[in-house]
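Engineer: Single-letter residue listing:
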Amino acid sequence: MSVRRLIGFNLLTAIVLGIVGYYVGWFIGHHIDAESIEYFADTDQNDISVLLGYALGVVGFLAGLGFLNYPFARMRGYPPSLREKETEGATRYLGLCTDHKVVGMQYLCGIGLFFFIGGLNAMLIRFELLRPSMQAFPAGQYLTLVGLHGTMMMGIMTSGILGPFANYVVPLMIGARRMAFPRIEALTFWLLMAAGAILTTAIFFGGFPTGWTGYQPLNDQANAGMDAYLMFFTLVGISMCLLGVNMIATIVTMRAPGLTWSRLPIFCWGVLATAILMVLAAPVLAAVLSMAMLDRTAQTSFFLPSNGGSPYLYENLFWVFGHPEVYILAIPGFAIVLELLPVFARKPLWGYRMAVSGLLGVSVLSFFVWQHHLFVSGISSDLRPFYMFSTELISLPTGLTFLCGLMTLWRGQIRYTVPMLFCLAWFFNFLIGGLSGVFLSDVPSDTTTHGSFFSMAHFHYTIMGGLVFTFFAAIYYWVPKMTGFELNERLGKIHFWSMFLAFNSTFMPLFAIGFLDQPRRAVTYRSSLQFLNDWASVSAFVLGASMLLFLGNFIYSLVFARIPADPNPWASRSLEWQLPSPVPVHNFDRIPVISGDPYDYGQPARPAAVPAPAGGTT
Amino acid sequence: MTSAAATSDSAAERSLGRTFLVLWLAISAVATPLVAVFVGRLIPPGNGSEQATSQVFDNQVLMAVSTPIFVFVVLFIVFAAFAFSNRTGEVVEGAPLRGNMRIQVLWMVVTTATVLFMAVFGTIELVGDGAGGGQGPTAAFVPSGSKDALDVQVIGQQWEFTYRYPSAGGVETPRLELPANTLVRFHVTSLDAVHSFWAYELGVKADANPGTDNVVYVRTKGPLTIHVRCAELCGLWHGYMFDTGAVVPKAAFATWLQRQRTMYGPVMRYLPKYAPSYVPDPQLRAG
Amino acid sequence: MTTTARKLLGVGLGIAVAGVLIGLYIANYLVGNTPSFRATPVAAKQREVSLTIQTVAAVGPQLAPNHPDWVSYLVRRQNGSWERSTVYTVPANALVHVTIYNFDGASGLRNPFLGQPRGLVGREVVDGKPVTVMPPDQPSHTFAIPQLGVLVPVAPVGDDAKNQCGYAPCSMSMAHRTVTFTFRTGKKGHYRWQCFVPCAAGFEYGFGGAMQTVGYMDGYINVV
Chain B
1 MSVRRLIGFN
11 LLTAIVLGIV
21 GYYVGWFIGH
31 HIDAESIEYF
41 ADTDQNDISV
51 LLGYALGVVG
61 FLAGLGFLNY
71 PFARMRGYPP
81 SLREKETEGA
91 TRYLGLCTDH
101 KVVGMQYLCG
111 IGLFFFIGGL
121 NAMLIRFELL
131 RPSMQAFPAG
141 QYLTLVGLHG
151 TMMMGIMTSG
161 ILGPFANYVV
171 PLMIGARRMA
181 FPRIEALTFW
191 LLMAAGAILT
201 TAIFFGGFPT
211 GWTGYQPLND
221 QANAGMDAYL
231 MFFTLVGISM
241 CLLGVNMIAT
251 IVTMRAPGLT
261 WSRLPIFCWG
271 VLATAILMVL
281 AAPVLAAVLS
291 MAMLDRTAQT
301 SFFLPSNGGS
311 PYLYENLFWV
321 FGHPEVYILA
331 IPGFAIVLEL
341 LPVFARKPLW
351 GYRMAVSGLL
361 GVSVLSFFVW
371 QHHLFVSGIS
381 SDLRPFYMFS
391 TELISLPTGL
401 TFLCGLMTLW
411 RGQIRYTVPM
421 LFCLAWFFNF
431 LIGGLSGVFL
441 SDVPSDTTTH
451 GSFFSMAHFH
461 YTIMGGLVFT
471 FFAAIYYWVP
481 KMTGFELNER
491 LGKIHFWSMF
501 LAFNSTFMPL
511 FAIGFLDQPR
521 RAVTYRSSLQ
531 FLNDWASVSA
541 FVLGASMLLF
551 LGNFIYSLVF
561 ARIPADPNPW
571 ASRSLEWQLP
581 SPVPVHNFDR
591 IPVISGDPYD
601 YGQPARPAAV
611 PAPAGGTT
Chain U
1 MTSAAATSDS
11 AAERSLGRTF
21 LVLWLAISAV
31 ATPLVAVFVG
41 RLIPPGNGSE
51 QATSQVFDNQ
61 VLMAVSTPIF
71 VFVVLFIVFA
81 AFAFSNRTGE
91 VVEGAPLRGN
101 MRIQVLWMVV
111 TTATVLFMAV
121 FGTIELVGDG
131 AGGGQGPTAA
141 FVPSGSKDAL
151 DVQVIGQQWE
161 FTYRYPSAGG
171 VETPRLELPA
181 NTLVRFHVTS
191 LDAVHSFWAY
201 ELGVKADANP
211 GTDNVVYVRT
221 KGPLTIHVRC
231 AELCGLWHGY
241 MFDTGAVVPK
251 AAFATWLQRQ
261 RTMYGPVMRY
271 LPKYAPSYVP
281 DPQLRAG
Chain H
1 MTTTARKLLG
11 VGLGIAVAGV
21 LIGLYIANYL
31 VGNTPSFRAT
41 PVAAKQREVS
51 LTIQTVAAVG
61 PQLAPNHPDW
71 VSYLVRRQNG
81 SWERSTVYTV
91 PANALVHVTI
101 YNFDGASGLR
111 NPFLGQPRGL
121 VGREVVDGKP
131 VTVMPPDQPS
141 HTFAIPQLGV
151 LVPVAPVGDD
161 AKNQCGYAPC
171 SMSMAHRTVT
181 FTFRTGKKGH
191 YRWQCFVPCA
201 AGFEYGFGGA
211 MQTVGYMDGY
221 INVV
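These protein sequence lines map, in sequence, to chains B, U and H.
Note that our numbering has the first sequence beginning at 1, numbered continuously upward.
Note that our numbering has the second sequence beginning at 1, numbered continuously upward.
Note that our numbering has the third sequence beginning at 1, numbered continuously upward.
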């Protein structure tokens, strides 16, 4: 590779400009506020300098990728173009590309990277908890581990399904050539990567002690590592909001002729429901964390009781975002399950309208429940029955999802492929997650379980059991289409069973641990709980190993074995599988006309909307 | 599809459905009481206070309600694995069922009824005595006899709980002791970050917010040891913010309180006057 | 070189790089661990140890290049030099005689209750005089092990004192207060100790930075 090719708007330039931007901001920050006696040495205290550094670093990073070229060109009068899309070859994966399929692949790898960093943190946490007071890590570093694990997973995995899979398959499912806003689509990905990198740098600034919730006033007491958290989540909020806008615009406006609302694949409905939540909830997050940034730098005191602010304000605003957030994580999981079950049970989706109303119902209700996180906080104590009721009400639309999913299995011809196994595991995991949620929504029971390992086990069942399992279902299901290569099925099944068993073996004891008086995020526990903790830790290590097994399968199948996948290995009738693998740059030569719904299994196949290429099995 | 095939099809369907329902009802009928009686009773926090006892009852009921639901879903998956598997390796189409209004309506009715029952049940359990949760400065749900409740203030600070007894001249101690068989009104507050006062055996949890008086009612029972932990991440030593206290007979409590007044007498003159919450003077200390 | 070999090499390199990065990442979490300091046995006495520590207003670039202006505890090695370690190892069921040389001024307590020493064997002695209680605006720091019930407020150097210590290491000729006390360790276990005085300048409630970092105003007592 000649050196000339390295110069230009690409990832290398972006990283260089990002670092340059950071130091420019850092320098300016030290001129605004240089309270440190050791100008160069003190990294932990000058928040203005760190935050400005991050902000300008992100600007430099995006400019280096070439995000400013198009707006500048338009300002100078050049005609609109989508030039970034026209490239071919492997290098387009390493820079700004507006092809939704490239962005999907970028998301998959980028999110995978941070997912593994988050998982590594979890392993270290469980290592520390092997003994009641281990001191493998000093107390502060342990809190940083907990915070980084939670924040990384909550922030990055928010886009875990919408990022890679919705970006990739929604245009294919609705018969479009691209997303509505391709540049915004690429921006959401690179913002997320910048955010993840920033969060990782928290360890250089003393970490942060607050966990993923960042409660005030502890937030304000923290070292400059807290700024990494604030900047990370703000960028994630912006990225989420843009992602949601893009998805809504695409699904509403770019459906192919004949794809009426009642023919829309259920996955697109799930994406739509999630996108609505993202658009409405994420701005609250960006706003509340920007306020916290001002508290830390400009002494605004929104949340500091010492100057008339209120920590309750932070808690309310955070959970106004935070509860929809957990459904932003969960709904795509529902959607994947409902999308995949018909394919592997060879049946139409049972109760399509009911499933749609279930998904939309969850997303609407999720805005009315946030104070169940604050049942014992002493806030509006007489409203607790209302929040108890609204929280339990969410089990109605969730129950519809369960009914439609289960009844889709009824009298089907179920094939136990790897993606199907992950979907079936979802039923079990999310069931336990949901039933334990009933304990947390019930105030008397919540008094004991709140803030304990019980609630921690609960949301791992819903998010890891709900989202991550379906994330893997989606990987095993769609990666053959995305890459054109098969994933090894035997290794996939070993991965599934080791992950499913280790996951349950890890988190089931944590319910007991929580009921038996072990608070979340505490580095010590009663010595009588050591056996259960050790059990959970060892299981967690097995769980980690199963993730490495997946990584091994992924690398083995895509790098070494490289067995070309059938264009439609699952015999799916959904539109994306009627295209050749990998999908051509412009998706469809002619925009298809949709004449039926995507779930007409159980009958002889009708002619596909797009003529299936040679080798298609439908 | 011919009409004869459709008839035999729906007959087969009904018979499968009946088999599943019978299995579900039978297993639930056995499992639910077993879980409620044996597992539910094991669920903490135990019988350290009236609130704790009612939480155990609450957990028992929730376990009982959850059991049939759990059995339904798990049994369905297992049933489907036996009845509807296709292990031929060929793609075979399933039955083209798109919904059944009767099942859908029935499901909605049953789930709605369950949810309403749980919300009403939880509300009844809550409004009687506050269920041991923090209720803020003006408690909405107050147990009877609250006029004579013993006030105990819990002060969270980074990183220790201290306790004040206004009935004993506002004496402050580092240890929590309570009289047996007494209605206690905790006032939980903080001097800095947000903490959460979790008196495990009493079934009490209340966040300690700076400048806020978070009230909890709890009626103690017989003597026992209490484990107190902080349940809200409050900084470096959150994991070490625990201590033990005790519920002791009334006479022993009076003696203990008297001893505390002697022991911590010297510092009493420096303590601020007892108040629902405190705003300490050195807000932002310079070293 | 065959394609497979090249791929293997590539994947191997990738794994090696990832391994190094993971190692560095984990190492980063371990660096905050200050070395454990074993308390000095008192000559000819069973189960008695002594610990000599000092508190300084600013730890200085020599002992903490990253945080030279943080307030900190230091411990005296056998050879007389001062080390920034806050993890102390002491024997179980033993008496620990502690001497604190304080070179820092007053900060005051957020909760006046913490101005009364408790949990000691005998009395807290400041410059030869026993202390019953310290007024809330006085304490410069505290040395507290809440799980052992030990709390000792540390008397301050007056603002008008001559020859104040700027940065550690401070010489004993500089203005300081001497606090001595004895406590009894219980059964074996890991305990933490901390300062309760909001002495971290520039942080909300004076409780950030040095006050929330092991190795400065917080540490462990390992009873073995």
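Calculated directly from the structure, the hints in this document are not laboratory data.
Keep in mind that a hint or two might mislead.
To be verified - Here are the simulated lysine to any residue pairs, SDA-like style, with alpha carbons at most 25 Å apart: (1) Lys129/H to Thr244/U; (2) Lys221/U to Ser167/U; (3) Lys187/H to Pro91/H; (4) Lys188/H to Asn86/U; (5) Lys188/H to Asp534/B; (6) Lys7/H to Asp534/B.
Being a predicted model, the structure only gives us computed values, none of them experimental.
Engineer: Quick one: which hint numbers does this structure break? Sort them smallest to largest.
Structural biologist: 1, 4, 6
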